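*Asks:* Chains as they are written, first to last, in my numbering: chain B, 1 to 395; chain E, 396 to 691.
Calculated directly from the structure, the hints in this document are not laboratory data. Because the structure is a prediction, the values reported are computed rather than measured. It is possible that some hints are incorrect.
Here are the computed lysine to any residue pairs in the SDA-like style, where the Cα-Cα straight-line distance is at most 20 angstroms [unchecked claim]:
#, chain 1, residue 1, chain 2, residue 2
1, E, K653, B, T188
2, B, K312, E, A510
3, B, K84, B, G343
4, E, K653, B, G235
Incomplete in silico selection of chain B near chain E, CB under 8 angstroms [what the hints assert, rightly or not]:
#, residue
5, G216
6, G220
7, A226
8, Q246
9, T257
10, G262
11, S263
12, G358
Beta carbons are placed, not taken as given, at the ideal position from N, Cα and C, and that holds for glycine.
Take a look at the letters that make up each chain.
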Amino acid sequence: MKKFFALLIVVAMALAITACSSSDSGEAGTNGGGVNGQSENGGSIKVGLLAPLTGDVAQYGLSVASGAELYIKEINEAGGINGKTIEVIKYDEQGDATEAVNNYYRLVDDGVVGIIGDVTSAPTVAVAQASVEDNMPMVTASATDPSVISYGSNFFQACLNDPYQGTTMAKFAANELGVTSVATIYNTGDDYSIGCNDAFVEQCNELDVQVLSQEGYADGDVDFNAQLTSIIASGAQAIFCPNYYQDDGMIVTQARTLGFTGSILGVDGWTNTHEYTDPENLYDCYFCTSFAIIDDEKINEFVDAYRAENDKDPGNFEALGYDAAMVLLNGIKAAEDAGLEAGTDDYKQAVIDGIANGTVAGVTGEISYDGTGAPTKSIMIVSLDSGSPEFYMNY
Amino acid sequence: MIFFQQLLNGLQLGSIYALVALGYTMVYGIILLLNFAHGDIIMVGAYVSWVVMSRLQLGPITAVFASVLMCTLLGVVIEKVAYAPLRSAPRLSLLITAIGVSYFLENGAQLIFGADGKNMNAIFSIPNLTIGSVTLSSTALVTLAVTIVAMIGLLMLVHKTKMGKAMRAVSEDMGAAQLMGISVNATISFTFAIGSLLAGIGSVLYSNIYQMATPTMGSMLGLKAFVAAVLGGIGSIPGAMIGGFAVGFIETFVSAAKIGQQSLSVWRDAVVFAILIIVLVVKPTGIMGHKVREKV
Chain B
1 MKKFFALLIV VAMALAITAC SSSDSGEAGT NGGGVNGQSE NGGSIKVGLL APLTGDVAQY
61 GLSVASGAEL YIKEINEAGG INGKTIEVIK YDEQGDATEA VNNYYRLVDD GVVGIIGDVT
121 SAPTVAVAQA SVEDNMPMVT ASATDPSVIS YGSNFFQACL NDPYQGTTMA KFAANELGVT
181 SVATIYNTGD DYSIGCNDAF VEQCNELDVQ VLSQEGYADG DVDFNAQLTS IIASGAQAIF
241 CPNYYQDDGM IVTQARTLGF TGSILGVDGW TNTHEYTDPE NLYDCYFCTS FAIIDDEKIN
301 EFVDAYRAEN DKDPGNFEAL GYDAAMVLLN GIKAAEDAGL EAGTDDYKQA VIDGIANGTV
361 AGVTGEISYD GTGAPTKSIM IVSLDSGSPE FYMNY
Chain E
396 MIFFQQLLNG LQLGSIYALV ALGYTMVYGI ILLLNFAHGD IIMVGAYVSW VVMSRLQLGP
456 ITAVFASVLM CTLLGVVIEK VAYAPLRSAP RLSLLITAIG VSYFLENGAQ LIFGADGKNM
516 NAIFSIPNLT IGSVTLSSTA LVTLAVTIVA MIGLLMLVHK TKMGKAMRAV SEDMGAAQLM
576 GISVNATISF TFAIGSLLAG IGSVLYSNIY QMATPTMGSM LGLKAFVAAV LGGIGSIPGA
636 MIGGFAVGFI ETFVSAAKIG QQSLSVWRDA VVFAILIIVL VVKPTGIMGH KVREKV
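Can you make the complete structure from the sequences, with help from the hints?
*Replies:* In structure tokens, the structure reads:
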């Protein structure tokens, strides 16, 4: 009987595997830009887009993809690259590292000249390792893990690392706000919060800013009064709060209720914080982000175009997707200008060199590379002093 | 002085737990049901405050009345729809139904309002009191005062009125109470109404402190209040108060405590639930509870 069940399980598993491999895991061959991939005069250039479009992390994948597709559509409407239309081949990797590598090879077989992707860190690391062998030019919009660019020179990030934000805010506090003592409150169950907090504390120590207190809290907590009371009693001039907006809103409210009047600083998780606390609590609150909807010509243009296409406001991921596409296409343009033939090793290398040596003016800042795949770009400090986000400075 | 402020933080948090625990204890005292939907009634109350204040722009006083009224009604409706038909069913069925109602309310709120939290303005905004170098949060003082008044009112109701006498009689022996001419159904409905009214008051105070409504906010709050009720002695009204304040203090002091540079705040929930386990093992009747012998 036992053997019978074992056999049954084996058969079931085998069926499951074949079912998986035979089902098409992506929306293959979606054309970008509504030009249907038709060549106007000189053919088309195939670009891959690898992202989780279904599954747990689909929201990030869909955001990045919609941003990247918007940029490619705009380029196609403006005549493409040297008269060639950009054709997007988009595959869904479902947030899974194995799926991501499989779909990467599908894109290689499809003959793409470069890939925008992947989106989340773990699958991106897997794809980055696979892509080294082919020297495939790749730009990730959002994988912040520093190791993704460590495998080969063909891999680029459009985003900044999480710890970089903590470092930036420490410098900002010391140099711009003249703060000499700080305290932090962060979610000890979240890698993003921990990474930012550690980098902030480290930078503070370097700058001789005293870190008087580091308070933690757990996921789902709503009462921060005890921690904030300790912080206020420590006499800290500013609080660093590297968390997501819902928590940040409650922390700001409670800190102000307890009588804290100093600065409260955050990172890009703060994007919607102003919707989660009273505007009068937001004085002296600053956060850094690569993208925010503020009154600026380039950003207005992007936001309007995005709204027209998607009927909602773009966020960080959409903006980074847009910029990742810009970075890759800038590299491809260099290869096309050199008159090389797509698919050759020289062409790929020309794209990589084009990205490495080029500078693009993205919606998340001016992006250039100085020898590594990590971008050098300015980070925006947003002030909430008036109760709603306003551009404060580039840092 | 920091100790004093932390004490006040503990009292504020404890007040909310106490108000919620009172609802648990009253319902348990009468029909021996752990009403796990009780925390979610607070959630509904918070959303009502949000709708009235942020959507309808009707001002804080309307919000207070609307959420207290809605909670009271909801409590009675839940009792009539979900619990009354099961009055003679095994107690386990009732408990499972309570969990079902809790999920129904949480997911219903998520469906209607979305999973993201809703922010609202403070309901009362009174400037903080400053005595010397200490700033006392006026929100905490208001919360504390309201809780104490509610508690005194409840004790008066249970011990000085005819309805209170009926409630005590039903909790003592439902069958005998019915034989004495007490309407058991009306008394149970009334108990639910009072318990939910307290939840309504709790939701107003909660919204005032945290200014946020989320679909799942009631579940953790309900569990903590349950621990408070068990710690105080489930079924005992003063016990629920003592338990609520005790849990509030413990949470605050665990959060504030430090070993070297390491903050202990992440242990807060673990400590609270460890207390539940210890109480159940060592003294299941809690601080104020008394042992009732099973009658045969």
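*Asks:* Determine for every hint whether it applies to the structure shown.
*Replies:* Each hint, compared with the structure:
1. E/K653 / B/T188: Between E/K653 and B/T188 the Cα gap is close to 15 angstroms, so the pair holds against 20 angstroms.
2. B/K312 / E/A510: 18 angstroms, holds
3. B/K84 / B/G343: This hinted pair holds, its Cα atoms lying about 15 angstroms apart.
4. E/K653 / B/G235: Distance ~17 angstroms between E/K653 and B/G235 Cα, so the pair holds.
5. G216: B/G216 check passes; min Cβ-Cβ to chain E is 5 angstroms, inside 8 angstroms.
6. G220: Given a least distance of 6 angstroms, the restraint on B/G220 holds.
7. A226: Since the shortest Cβ distance to chain E is 3 angstroms, the answer is holds.
8. Q246: 5 angstroms, holds
9. T257: Holds: closest Cβ of chain E sits about 6 angstroms from B/T257, inside 8 angstroms.
10. G262: 14 angstroms, violated
11. S263: Hint violated; B/S263 Cβ to chain E Cβ min 18 angstroms, cut 8 angstroms.
12. G358: 39 angstroms, violated
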